[in-house]
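Colleague: The chain contents come next:
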Amino acid sequence: MSRANWEVVIGLETHAQLNTASKIFSGASTAFGAEPNVQASPVDLALPGVLPVMNRAAVERAIRFGLAIGATVAPRSVFARKNYFYPDLPKGYQISQFELPVVQGGTLTIRVGEGEKAYEKVVRLTRAHLEEDAGKSLHEDFHGMSGIDLNRAGTPLLEIVSEPDMSSSAEAVAYARALHALVRWVDICDGNMQEGSFRCDANVSVRRPGEPLGTRREIKNLNSFRFLQQAIDYEIQWQIEQIEDGHKIQQATVLFDPDTGETRMMRSKEDAHDYRYFPDPDLPPLVIAAEWMDEVRRAMPELPGALAARLQNDYGLSAYDAAGLTASRETARYFTDALAIAGAAQAKPLANWIMGELAARLNREERDLADSPVSPAQLAGLVARIADNTISNSIAKKVFDALWNGEGADADAIIEAQGLKQVTDASAIEPIIDEVLAANPKSVEEYRAGKEKAFNALVGQVMKASKGKASPAQVNELLKKKLGG
Amino acid sequence: MNAPETVKSLAAKLAAGEASAVELAQDYLAKIRAANPAINAYVETNEDATLAEARAADALRAEGRAGPLTGVPLAHKDIFCQTGWHARCGSKMLESFAAPYDAGLIERSRAAGLVTLGRTNMDEFAMGSTNESSFYGAVRNPWNTGHVPGGSSGGSAAAIAAGLAPAASGTDTGGSIRQPAAFCGISGIKPTYGIVSRWGMIAYASSLDQGGPMARTAEDCALLLNTFAGFDERDSTSLQRPAEDYTRALAQPLAGLRIGLPKEFFGDGMADDVRAAVDAALATFRSLGAVTVDVSLPRAGMSVPAYYVIAPAEASSNLSRYDGVRYGYRAPEYGNLDDMYVKTRAQGFGAEVKRRILIGAYVLSHGYYDAYYLQAQKVRRLIAQDYEAAFAQCDLIMGPTTPNTAYRIGQNDEDPMAMYLGDIYTTSVNLAGLPGMSIPAGFGAGGLPVGLQIVGRWFDEARMLGAAHQFQQTTDWHLRIPG
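In order, the protein sequence lines correspond to chains A and B. Just so you know, we're using the numbering used here here: the first sequence kicks off at 1 and counts up by one. Just so you know, we're using the numbering used here here: the second sequence kicks off at 1001 and counts up by one.
Hints are not guaranteed to be accurate.
[To be verified] Examples of chain B residues lying across from chain A (beta carbon under 7 angstroms, computed):
hint, residue
1, Asp1235
2, Tyr1341
3, Leu1364
Just so you know, the hints here were simulated from the structure itself, not pulled from any lab data. The C-beta atom is built at its ideal place from N, Cα and C for all residues, glycine as well.
With these hints in hand, go ahead and build the complete structure from the sequences.
Modeller: If you want it as structure tokens, here you go:
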């Protein structure tokens, strides 16, 4: 059994919780983590006689998303009722959009893989529609009963549906990551996956090349990129095994169990609900005037794709660097803020620092860029001192550490206070060289016998003796002169 | 025999200091105590609450802050949420329910200083044309207690006819204000859809439901509509329009008024006694200077089938919230979750409600949606177009409100279709979103009242009320009281 003979087809449905202050059809707060049922108004509780009123801020976020993916924002879309019974669905129906969604079409460009094997792919989006979230059923802590928390009921969601354009779990994850970055970039969703603000359903099928599409199974509610990857990989393997064993795949909805790493059946197609969709008579069609669209368009930030292209064109950055710097709006802002101070010539060093030392350090200490101890201005100041040869790259790492630990207001203050200025004065370096040569006659002998390695060892000794402050280039030059002489 | 009190006459007494709001309230409460048990028009009274409202109204008057209707008592249909009262909507399902908020209509009623006499009986969830589907017992027609008062606002109509309230609120989804008004010999108007807020009005069929006033006279209806109508941002189907005075055309003479008579409303199926009364009423209008013209509503015949697809479809969804989870009735014993739903809804809803939920779920289900729901919506648009075409030839449309006078109690028990067909003249008006009213037009066999229906263009309530008022200046059907 081999995956090489199989094609994988994946489409994603993503629920992004919109970061509005109040719910999609009521004035109740959407803040996370409150005591159960304190953020449920009569509308959220579906008391008799209450009515929904559309939250304009939720629509505005849908428009922003539509503009960000180059989609058609429907001038007229329709809310529909999706009818089913469940204790955490207070009205017995969910208000959603069915036949006429607010966002139609659009594309998202993803980068898959790393290094030389990295490639770009354009994923088509089918649609994105506005809907309300349900509440939560709590099955723990209640013996023989279930608790219902309706704080989440009525929270605005944008359900984003892709075409089945992904052909591996890596592509699916790259798509999910790109979408996650984009919804945060255009500030419509906080992207908090632990709190369920961004969750994916994956439709997966397999086929032999040239065959028609296989039957799909839908994996529900994946709330981390790792689970998304694991669940899809497991599902692909499972489906291939089933078919190779002579079984047919039945359309089904499945759940991923992170503990076992397996998917298991939730319901088959036969159990599928008839949701009896029909237009919600309580809500007139959602009309988005051209003026409103223009207003939202004017307030849009530069999008990551456009910024990445500009970084390559204007600053000569590689596609890899540009993609890395535009992976999130925070990173891009950090970079552009630092660049504004350091100047265009420092684009590449800044990119290296941000994606290298800074990213590694943040990652190690599990901090976000937003609360980085080193500010863009501080990093710009540091890079400037490298550029003008005040410090070497290795000293710069020391200065960075000092900035991180709050040992000085900026790079200059730290260099000054700790005496880290690079020594470029030959008269100061020569005595050190003389000492090192005198102390290492064996290395000198080996070098003269033709061993290049011995030279590097001597350079290292000089740098060490200068406490790293000597200019490495100058040490090289002076040492060669002395050994040659 | 003295003329019965009206909103207008009571407002005049209050303004003249001839009576206080408390005295009026006490007077009506005494009548209710005495006469309600026989007709069951009220399902809830709360004398303390009523008298508190009356005292507040008197206090306002004493402070010189009284409006034109401050202190006038009225009854509210048990479908409007109202703090301090139950809102049971005629159902066992909501027996324990009391809303923590006021409906838009109730807010406006309170703001005008109107005093709540009590809550009136109705068909369960406003589904019915006889008031027999109420969990709280059938209402009796004051003109003949062996007959129904009509429905679903039967309690409101019977209370007014019996002199237990000068006026009441009602709601009309397919005729639920006009038909009981006709059966009980009073006046009632269903305004243009979107004029009166649906906030806090328990939904039956959202795209058709509309609240409105019921009273003895057209003039009272106009006064109350001034109170009830107005934009409400909590109802997305509420229309934002400049405030208007619905009494402004009351004094307007009828000379030159063109009254359209749809031939479809005068065909077979109308009882002879109804026809005779309606013909006489139309002769009166002509004598007042109006002219009658023949018009046609070719698709009107499809209104009952279209209505009985659309209304149950919306109802099946609107009533899903009554699931036993958060409030209202829950079956005392059940197994698993599904069993709880099944038993709760089987026990909590009555037969007519269940019938309509089943019809509604069926017409919305996969494979049937296009054939029923979508088709009915197309018919709905065609019916509205028929009315538009007819209104090119006339100012108002008139005809019988119902094909018969009030049914005997139990008459339709075995044949719901017969009851549905009784809505033949009223449902098209809701489907088109038009304003419609019913006014007393005489009496038929057995001394049961006959109603004349008046339909206007969208937002033409003032003209309808004016024509009705002029008619009532020369007739006294609306002032007759059951012997």
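Colleague: Now look at each hint and say whether the structure bears it out.
Modeller: These are the hints, each one checked on the structure:
no.	hint	in the structure
1	Asp1235	holds, 5 angstroms
2	Tyr1341	holds, 6 angstroms
3	Leu1364	holds, 4 angstroms
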